Amino acid sequence: MASWGEASESRLIGKRIPRLSGKDKVTGKAKYTFDINRPGMLYGRILRSEVAHANVVDLDLSEAEAMPGVKAVLPLVEVGRKIRYQGQEIAAVAAETDDIARDAIRRIRVDLEELPSVVTEADAMAENAPQIREDWVGNQSAPNVREEGDINAGFEQAAVEVEATYHAPVQTHVCLETHGHVAEWEDDENLTVWASTQGVFGVRNDLAGRFNLPANQVRVITEHMGGGFGSKFGPGVEGRTAADLARTTGRPVKLMLTRKAEHLVAGNRPSMTQHVRAGATSDGRIIAYDMKGYGTGGISSGAGFQAPYVYHVPNVRAERRNVTVNVGNQRAMRAPGHPQGAFAMDSLMDELAEKLGMNPLEFRRINDPSEVRQAQYTLGAQEIGWHRRNSVPGSGTSVKKHGIGVGSGQWGGGGGDGTQARVTINADGTVEAVTGTQDIGTGIRTAIAIIVAEELGLNPTDITVKVGDSGPGLPSGGSGGSQTTASVAPVIKTAAAAAKQKLFQRVAPQLEAPVEDLRVGNRTIYVVSDRTKTIKWELATGQLGMESISEGGHWDRELRQGGVAGTQFAEVEIDTETGAISVIKIVAVQDCGLAINRLTTESQINGGVIMGLGQALLEERFMDAQTGRMLNANLEDYKVPGTFEIPEIKSIVFDTHRKVTGVGEPPCIPTPGAIANAVYNAIGVRIRSLPITPDKILTALAEKKA
Amino acid sequence: MPDKDKEKKQGTNISRRNFLKGVGTGTVAATVAPSVLIGSEKAAEAQTEEAVASATIQLNINGKPYQVEVEARTTLLTVLRDGIDTSGTNIDLTGAKLICDRGECGGCTVMIDGKTVYACMMLAMDAQDKQITTVEGLADGDDLHPVQEAFVQHDALMCGFCTPGFVVSSAALLSENTKPTLEDIKVGLSGNTCRCGTYPFIFDAVKTASRKM
Ligand code: FES
Ligand code: FES
Numbered sequence: 001m002a003s004w005g006e007a008s009e010s011r012l013i014g015k016r017i018p019r020l021s022g023k024d025k026v027t028g029k030a031k032y033t034f035d036i037n038r039p040g041m042l043y044g045r046i047l048r049s050e051v052a053h054a055n056v057v058d059l060d061l062s063e064a065e066a067m068p069g070v071k072a073v074l075p076l077v078e079v080g081r082k083i084r085y086q087g088q089e090i091a092a093v094a095a096e097t098d099d100i101a102r103d104a105i106r107r108i109r110v111d112l113e114e115l116p117s118v119v120t121e122a123d124a125m126a127e128n129a130p131q132i133r134e135d136w137v138g139n140q141s142a143p144n145v146r147e148e149g150d151i152n153a154g155f156e157q158a159a160v161e162v163e164a165t166y167h168a169p170v171q172t173h174v175c176l177e178t179h180g181h182v183a184e185w186e187d188d189e190n191l192t193v194w195a196s197t198q199g200v201f202g203v204r205n206d207l208a209g210r211f212n213l214p215a216n217q218v219r220v221i222t223e224h225m226g227g228g229f230g231s232k233f234g235p236g237v238e239g240r241t242a243a244d245l246a247r248t249t250g251r252p253v254k255l256m257l258t259r260k261a262e263h264l265v266a267g268n269r270p271s272m273t274q275h276v277r278a279g280a281t282s283d284g285r286i287i288a289y290d291m292k293g294y295g296t297g298g299i300s301s302g303a304g305f306q307a308p309y310v311y312h313v314p315n316v317r318a319e320r321r322n323v324t325v326n327v328g329n330q331r332a333m334r335a336p337g338h339p340q341g342a343f344a345m346d347s348l349m350d351e352l353a354e355k356l357g358m359n360p361l362e363f364r365r366i367n368d369p370s371e372v373r374q375a376q377y378t379l380g381a382q383e384i385g386w387h388r389r390n391s392v393p394g395s396g397t398s399v400k401k402h403g404i405g406v407g408s409g410q411w412g413g414g415g416g417d418g419t420q421a422r423v424t425i426n427a428d429g430t431v432e433a434v435t436g437t438q439d440i441g442t443g444i445r446t447a448i449a450i451i452v453a454e455e456l457g458l459n460p461t462d463i464t465v466k467v468g469d470s471g472p473g474l475p476s477g478g479s480g481g482s483q484t485t486a487s488v489a490p491v492i493k494t495a496a497a498a499a500k501q502k503l504f505q506r507v508a509p510q511l512e513a514p515v516e517d518l519r520v521g522n523r524t525i526y527v528v529s530d531r532t533k534t535i536k537w538e539l540a541t542g543q544l545g546m547e548s549i550s551e552g553g554h555w556d557r558e559l560r561q562g563g564v565a566g567t568q569f570a571e572v573e574i575d576t577e578t579g580a581i582s583v584i585k586i587v588a589v590q591d592c593g594l595a596i597n598r599l600t601t602e603s604q605i606n607g608g609v610i611m612g613l614g615q616a617l618l619e620e621r622f623m624d625a626q627t628g629r630m631l632n633a634n635l636e637d638y639k640v641p642g643t644f645e646i647p648e649i650k651s652i653v654f655d656t657h658r659k660v661t662g663v664g665e666p667p668c669i670p671t672p673g674a675i676a677n678a679v680y681n682a683i684g685v686r687i688r689s690l691p692i693t694p695d696k697i698l699t700a701l702a703e704k705k706a
Numbered sequence: 001m002p003d004k005d006k007e008k009k010q011g012t013n014i015s016r017r018n019f020l021k022g023v024g025t026g027t028v029a030a031t032v033a034p035s036v037l038i039g040s041e042k043a044a045e046a047q048t049e050e051a052v053a054s055a056t057i058q059l060n061i062n063g064k065p066y067q068v069e070v071e072a073r074t075t076l077l078t079v080l081r082d083g084i085d086t087s088g089t090n091i092d093l094t095g096a097k098l099i100c101d102r103g104e105c106g107g108c109t110v111m112i113d114g115k116t117v118y119a120c121m122m123l124a125m126d127a128q129d130k131q132i133t134t135v136e137g138l139a140d141g142d143d144l145h146p147v148q149e150a151f152v153q154h155d156a157l158m159c160g161f162c163t164p165g166f167v168v169s170s171a172a173l174l175s176e177n178t179k180p181t182l183e184d185i186k187v188g189l190s191g192n193t194c195r196c197g198t199y200p201f202i203f204d205a206v207k208t209a210s211r212k213m
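Residue numbers (our numbering), protein chains in the order written: chain A, 1 to 706; chain B, 1 to 213.
Hints listed in this document are in silico derivations from the structure and should not be mistaken for laboratory results.
Warning: the hint list may mix true and false statements.
Sample of chain B residues lacking proximity to chain A, with all beta carbon distances greater than 12 Å (derived) [unchecked claim]: (1) 57; (2) 63; (3) 115; (4) 126; (5) 175; (6) 177; (7) 211.
Using 25 Å as the maximum straight-line C-alpha spacing, the simulated DSS-like pairs for lysine-lysine come out as follows [unchecked claim]: (8) A:585 x B:186; (9) A:585 x A:650; (10) B:207 x A:23; (11) B:207 x A:15.
Model, not experiment: these values are computed from the prediction.
Quick reminder that beta carbons are idealized off the backbone N, C-alpha and C, glycines included.
Produce the complete structure using the sequences and hints provided.
Here's what the structure looks like:
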């Protein structure tokens, strides 16, 4: 049975290894899509609607077309059609410089007949609200109802009950490299696209379909990309437009979204509002859970969230609806539906525990079915110093108050079949690993090198890893659902093992030993039963002559496993005079399976925690109901965490087994709940709506006093 | 630019004032130009339109002179990334990134005479007669700057898109304060944003680099 071997046998796997792309990234050499500069390249821009809801009455491109330096102007909406959200595409321009392109889109004349719009959930659900979707009465989808057990019977057994409303607003991805592409046609039949994407092959297949080309005549390259977080699958309107502009002009076209468009149309995490009534028995079991909730994913649907979450509840009624508004659509965002669901559930858990007079951690121990998290509670509580928490929330007379809270999460990340890879050993001793996955900042490139180097007794820097290119025709899935490592690693390992086997077969006669007796380490192949018999790596590979060894692999399920539990503890300090909240420390205990590279895994956990912190304290999309526009579509009014917000973060790689699992998403899940509970522990008033801002704290404190 | 002119140049067939009057009164010919300018969007709006006279200027970048033709509105960042030297070569210094386009994220950070500036906020013309150092100019051939080395060692980067800005800011910080505290580092790098959340390891890297300098 295939296995990764014991930790004690691993020379590289599970160690802290700097990423291979590090040097290129710190010197500015790394080329992102945004950095691609092709000979004769034009710059594309898109004119977008500032109006949230309108009929397109007229569109006149002639003035823009006539401008010097403008090479193409394409309509992206038809006269007679509707605009349904701010940022919707109207027309695109390709010009000699980006400045000319920007000037040109301002010369496009469009007449819009404005229609009444709704951009907030409350307005959309109000009586007499304009119907923006004919198929949804009251701008709401039919409810999705889940029932388990018997909630009435459950409530009868309850000793305490909590009824509360929890809310999380829309958050946007804020990829620092905006969505964008550089498209270049060689002739009418061959297209190359540099794409800032999480799915090289997805983009390839989409564009091949659009232009009716055999898939292998479209090549998509993503050498480096500046963040996706779930929002970068498929070329989108902007990618298809870049390809259209390039085809029309016969020149390469770069088209990157502006920062503003990135907020408006490149996806977001849907909002969540849930009214919950829940009960627990006197011995501390949650016994009944009744939830009615909704969220908005923009003009379409997709506003799901997890409720209840991770804890065992025998009697459940959960009803969710989508609310539609005239705003750009949601896209998957790091653990879709989980962090907001976890925030509500973990808040509720603490509220129930308090009514029972129980320690919230004890209450979790009773209700959490995950053995892994049970162990994590112990470890995390020690690390944060759980005993230091306020035994009476909000007690004390000092202006600055401290509190400690806990939150939980759960994710899959077990990967899937479908990746093809090739490991090649050349006569000069060089080794190459090629597959069509993409490194979106997670470090898969380095993980691949580690796996191959471990197998072949080399160093990671000896391995040339080629990812992010559909050219070699070795497909791999999109990087979503934390699936990449668990999808790719088994294929790479089996490919490297097969290549090694081939090389052993070559040199076995010379070493006068059976292939099974051969091992490789330290650039030397040796016979395990007689270590005097050796052959240096280069001498062995030198015998290959013109024929390199090139082997594929397969997705061996035994090498990976899904299902990861996580727990986080947060300590906060709150200034009760200003409402300022500082997170002092976060302990993140994250189930990681076998971490191929402990260093980059820790980076992932840090990154998840920090994104969760942003959601907890800073991030909110503000829509103006009057104008239908987003008020903070930039980086100064839409706050993401900066240096001052960063607490001490203790990221604990909690390995529970030696099978590979992905952890890109799960570390952002428990953070908002843990912080919300810490805030309550500090000040004794509960903030049930994210982000937890100073004004909410001050208002809550004032209400408590009154 | 006077307001009147700007209205005409919106490229729409009604003026902004009419648009404002018309909104909400049924059928109006509306414009996609913003009816309300919010906060510093004004600055971004003002930056556009009507190319003015261009001039050829000389810039000293990473110790090398470049001749480039620029317009008055051309930013230093545009020249670094997209500029073409009068000899016909692309300058192609794409390490500095445009991320927010308004002095908020530090992705475009470069040094001018040793001090950090946001290259998206500086006009190319204003960068004449100064020493411009970009992230590409920090290493000495194959020898990385101690900050760069420490960033790699500590994995102070994930997607890496913000990294050039952080590297330049960190190098500038250490050139002024060779033994920064954690608080000093947070202040020194407060003009830079990372969405992947690499901050903890960036702080570690700067500390390590400070020990080597
Ligand atoms: S792009 Fe210059 S500061 Fe953000
Ligand atoms: S490393 Fe991705 S934004 Fe900083």
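Those earlier numbered hints the structure runs against, lowest number first:
As far as the earlier hints go, not one is violated by this structure.
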